[in-house]
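Between the sequences and the hints, there should be enough to build the whole structure, so can you do that?
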Amino acid sequence: DVKVTQSSRYLVKRTGEKVFLECVQDMDHENMFWYRQDPGLGLRLIYFSYDVKMKEKGDIPEGYSVSREKKERFSLILESASTNQTSMYLCASSLGVAGQETQYFGPGTRLLVL
Amino acid sequence: DQQVKQNSPSLSVQEGRISILNCDYTNSMFDYFLWYKKYPAEGPTFLISISSIKDKNEDGRFTVFLNKSAKHLSLHIVPSQPGDSAVYFCAASDQVPDKLIFGTGTRLQVFP
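Line by line, the protein sequences give chains A and B. Just remember that the working numbering sits 24 ahead of the position in the first sequence, which is counted from 1. Just remember that the working numbering sits 439 ahead of the position in the second sequence, which is counted from 1.
Each hint should be verified, as a subset may be incorrect.
Claimed, not checked - Here are the simulated DSSO-like cross-link-like pairs (lysine-lysine), alpha carbons at most 27 Å apart as the crow flies:
(1) K444(B) <-> K81(A)
(2) K493(B) <-> K81(A)
(3) K476(B) <-> K27(A)
Note that these hints are calculated values from the structure, not bench results.
Here is the structure:
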């Protein structure tokens, strides 16, 4: 079974702090993704990566950056946290083979920015 | 512009009956569709998928139907069980690269 783990389940930060969210997958997947989930808005893609050191902007990249130094690890960085970044953050990975688009998700990190 | 739409934010069904969750999409280039189930405070879990070359895929109590001409897919759960109570997301793949576009979700409640 694919396992995607996220470093924290719950996080409380103050406005202006730099926040790091870590994600690790153990199935040698090529692609990794960061989403945020907000009520009534579904899952919105922040950034994704299809290879080490590669990154692509998703639909809502503003205020975020990412890092993928190793294949199994994909980090989401909030450079200066703001209250509107309070959300559930979800990491996912996929194999990266045509016809195998299924993404597997981690348990999520619920971030509260005060 | 929402490319994948779930127009019903919630659905309530009696245990043992059929649950039908609907999803519409606008992009005719989508060729792979998935349903995910999400419990509170957990990540979404993959439920079932369908390729655009098929019109039906079945896995136990779950069946997904795809109507390409109408750009519509649906998830049928028969019989519904209280443990099925969750938020269900449909998603479509635009393969760039394997990027999924998610709907806004439908909260299903199955009551005894």
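Checked hints:
1. Only pairs whose Cα atoms come within 27 Å are accepted, and K444(B) paired with K81(A) is accepted, the gap being roughly 22 Å.
2. A C-alpha spacing of about 31 Å is found between K493(B) and K81(A), which places the hinted pair above 27 Å, so the restraint is violated.
3. The hinted pair formed by K476(B) and K27(A) meets the criterion: a straight-line CA distance of about 17 Å does not exceed 27 Å.
Hint violations for this structure: number 2 only, all remaining hints satisfied.
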